[in-house]
Each structure stands twice: as structure tokens, then as C-alpha cells.
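A.B. asks: Starting from the given sequences, assemble the full structure and let the hints guide the process.
Note that this note's numbering has the sequence shown beginning at 24, numbered continuously upward.
Worth flagging that the hints you see were computed from the coordinates, not collected in a lab.
Think of the CB as a built atom: it goes at the ideal place given N, C-alpha and C, for glycine as much as any other residue.
Misleading hints may appear alongside valid ones.
As the list claims (entries may be wrong) - Quick list of the computed label-pair ranges, beta carbon to beta carbon:
1) R312 to G166: 54 to 60 Å
2) K291 to K131: 42 to 48 Å
3) R81 to T234: 45 to 51 Å
4) L116 to D275: 27 to 33 Å
5) A240 to L318: 37 to 43 Å
6) R41 to R276: 49 to 55 Å
7) Y313 to N220: 47 to 53 Å
8) N279 to M258: 29 to 35 Å
9) R128 to A227: 26 to 32 Å
10) E150 to L116: 25 to 31 Å
11) T234 to R176: 35 to 41 Å
12) P239 to N43: 16 to 22 Å
13) P127 to D275: 55 to 61 Å
14) Y313 to Q82: 48 to 54 Å
Stated by the list, open to error - Subject to a maximum C-alpha distance of 27 Å in a straight line, what follows is the list of computed DSSO-like cross-link-like pairs (lysine-lysine):
15) K131 to K208
16) K117 to K291
17) K31 to K208
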Amino acid sequence: MMSMETTKRVWQARLDPRRNTPSIGIYSHVKDRWGIFHAQPFVLNERQAGVAIEGVIRQEKLETSQLAVDTHGYTDFAMSHARLLGFDLCPRLKELKQRHLFVPRGTKVPAEIAAVCEANVDVALIEKHWDSLVHLAASVMSGHASAVAALARFGSAAQGDPIYEAGVQLGRLLRTAFLADYFVKDAFRNELRRVLNRGEAVNALKRAIYTGRISPAQAKRVDEMQAVADALSLMANIVMAWNTSQMQAVLDRWSNRRQVIPPELIGKIAPTRLESINLRGVFRFPVDRYADQILPSRPNASITGTNG
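C.D. replies: Pasting the structure below:
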């Protein structure tokens with residue numbers, strides 16, 4: 024996630040807590056092997072689970088099985104909603120209370136994990152409202168509703184709604200299965216961290232490319248804001264593609280000299296560095312073309328005049 028500065032007159036603008044300026048958020052989806060495949064503007068200081076899920080289902084070129092998100096891109100209801108849409112939400116949970124395990128009621132919990140495990144998941148409630156959860160996912164998948172609107176409707180303010188409660192119960196079971204892999208599998212945990220760090224590196228690149236701020240005329244129209252987000256993603260992808268081609272050229276030269284780089288090290292090189300790229304261009308002034316008009320008269324130039 025990155026923020027783009029705008030003015031207070033824009034209704035989507037919220038105060039960016041990092042920069043203390045009115046801003047609009049841009050949520051970017053980055054592939055596990057770099058490259059932005061979707062970007063979408065959103066309102067800051069709100070849960071990002073909706074835009075995270077929306078970006079996966081609105082593109083058709085990639086088949087996504089897992090989506091890594093930070094704590095702000097996660098809710099229990101979003102965990103269940105993503106699974107019904109065909110992929111897993113993999114959050115990097117910040118708070119310890121979010122790392123508790125949940126199992127169905129009546130399950131005997133081993134004493135070793137009793138302190139962090141609760142047997143209170145209502146499976147009957149999930150079964151009762153299963154069709155409603157599937158209908159909601161089908162509406163989002165078909166485009167009749169957006170994931171942003173669906174998760175805003177079934178946010179924390181919907182507590183007491185049976186469909187919301189069923190989704191939360193299912194999400195807690197899915198979160199428990201995810202945490203089991205997260206705690207036990209080192210490779211899975213490290214890959215999740217690497218993917219999220221790649222996203223942060225791409226956002227830093229986009230901040231370096233972007234200058235100025237969003238005008239009210241642009242921010243008032245959804246299509247204009249989407250065009251800004253897509254243009255910024257295109258520029259970032261161009262920079263990463265150019266860096267990748269230059270890196271490959273260096274590796275090819277080294278391989279000819281029998282200087283082989285281990286593949287595991289190559290995978291850790293980020294194509295987001297900016298030291299070799301001039302983001303602002305080069306100014307060229309054709310002085311020779313206009314020298315006679317802008318420079319003082321030359322000594323040998325002819326001078327004409329009239330007598331008064």
C-alpha cells in the first residue's frame with residue numbers, strides 16, 4: 024500500500040498517519056516473482072481486505088492460489104470469503120491475540136496448546152448459513168457486487184448478523200489451519216515474509232516515481248483515479264523490467280567468465296533499485312538554433328541604422 028497526496032477538498036482523502044497529509048491510498052498486487060498485476064485506489068485508515076481480494080478476482084491472466092497480506096488486509100470474515108472465491112488469504116499477523124487457535128466445540132484440546140487454543144467454533148452455524156456465504160461469494164465473483172462493498176457490509180459493525188457470524192466462525196477455522204503451517208513450516212513462513220517485503224520494495228519504487236499530488240479534478244472521478252494508479256504501476260513495471268534486463272546481461276557476462284552465481288542468491292536480488300535510473304529526464308536546450316536571438320551581437324555582425 025502507498026498513499027498519494029491530495030487536498031482536503033477530496034471526499035476520499037484521509038490523513039496519512041505517516042506523513043500527516045491528506046492522501047488517497049493505492050493498493051498494489053505484486054506477483055511472487057515481481058511485477059505489478061493490479062492496482063486500485065482506496066480510502067486510507069480502513070481495512071484493506073476488500074481491495075486485496077478485489078484485485079485477485081478482477082484480473083484474468085494469473086491463477087492465484089495464495090494472497091499474502093499485512094494485518095490491515097485481514098479479517099476472519101475475509102479469510103472465509105477468500106477461500107470461497109478459490110484462494111487462501113495468508114496474513115502476517117501483528118498482534119499475539121490474533122495468533123490464537125480455534126477448533127470446533129467439543130474438540131479435546133491437548134494440554135500443550137490449551138493456553139492458546141479455544142474450542143468454541145460453532146460448526147452448526149456455519150452449516151446453517153453456508154448457502155448464504157456461497158451466494159455472497161458468487162455475487163462478488165460474477166461482478167454483481169464488489170469485494171470492497173461485501174466486506175464493508177460484513178465488517179465489525181455487522182456483529183450479530185447470522186451470516187457475518189457464520190463467516191467469522193469459518194474464518195477462524197481457516198486461520199487456525201494457516202497458523203499451523205506458519206508455525207511449523209519454516210520455508211512457508213520465510214516465503215510469506217519475502218513476498219510482503221517485495222511488495223514494500225515496489226511501493227517504495229512507486230513513491231520515488233510519483234511526484235506532486237492528485238488534483239481535485241482527478242480525484243472526483245473513479246476512472247481518473249484508476250488511470251493514475253494504472254499509469255504509476257506501468258512506470259514501475261518498466262523500471263523493474265529494465266533493471267531485470269541489465270541484471271541478466273551482467274549474469275551472462277559473468278557466466279562467460281565462469282563466475283557462476285548460485286540461483287538462491289539470484290532470487291534475492293531486487294529489480295527495484297534506482298541508482299542507475301534518471302527518473303526526471305534530461306533537459307536539452309538547442310542554443311545553437313536560437314543563438315542569434317538570445318546571445319549578444321557578434322563583433323563582426325553588420326549594424327544598420329537610420330539618421331534622425
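A.B. asks: State for each hint whether it applies.
C.D. replies: A quick look at each hint next to the structure:
As the Cβ distance of R312 to G166 is approximately 55 Å, the hint placing it in 54 to 60 Å holds. In this structure the hint that K291 and K131 lie 42 to 48 Å apart at CB holds, the actual value being about 44 Å. Roughly 28 Å separates the CB atoms of R81 and T234, a value that falls outside the hinted 45 to 51 Å. Distance hint check: the CB atoms of L116 and D275 are about 42 Å apart, inconsistent with the given range 27 to 33 Å.
For A240 and L318, the Cβ-Cβ distance of about 41 Å falls inside the hinted range of 37 to 43 Å, so the restraint holds. A hinted range of 49 to 55 Å is violated for the C-beta pair R41 and R276, which are about 41 Å apart. The hinted window of 47 to 53 Å between Y313 and N220 holds, with their beta carbons roughly 51 Å apart. At about 33 Å, the CB distance of N279 to M258 agrees with the hint of 29 to 35 Å.
The supplied range of 26 to 32 Å is broken by R128 and A227, whose beta-carbon atoms lie about 46 Å from each other. In this structure the hint that E150 and L116 lie 25 to 31 Å apart at CB holds, the actual value being about 27 Å. Taking 35 to 41 Å as the suggested C-beta distance range, the pair T234 and R176 conforms, at roughly 37 Å. Between P239 and N43, the C-beta spacing of about 20 Å keeps the proposed range 16 to 22 Å intact.
The hint said 55 to 61 Å for the Cβ distance between P127 and D275, and at roughly 56 Å that hint holds. Range check, Y313 to Q82: Cβ separation about 50 Å, and the 48 to 54 Å hint holds. With a CA separation close to 24 Å, the supplied pair K131 and K208 stays within the 27 Å bound. Taken as a hint, the K117 and K291 pair is honoured in the structure, with Cα atoms around 24 Å apart against an allowance of 27 Å.
With a CA separation close to 46 Å, the supplied pair K31 and K208 exceeds the 27 Å bound.
The structure fails to meet hints 3, 4, 6, 9, 17 from the earlier list, while all remaining hints are met.
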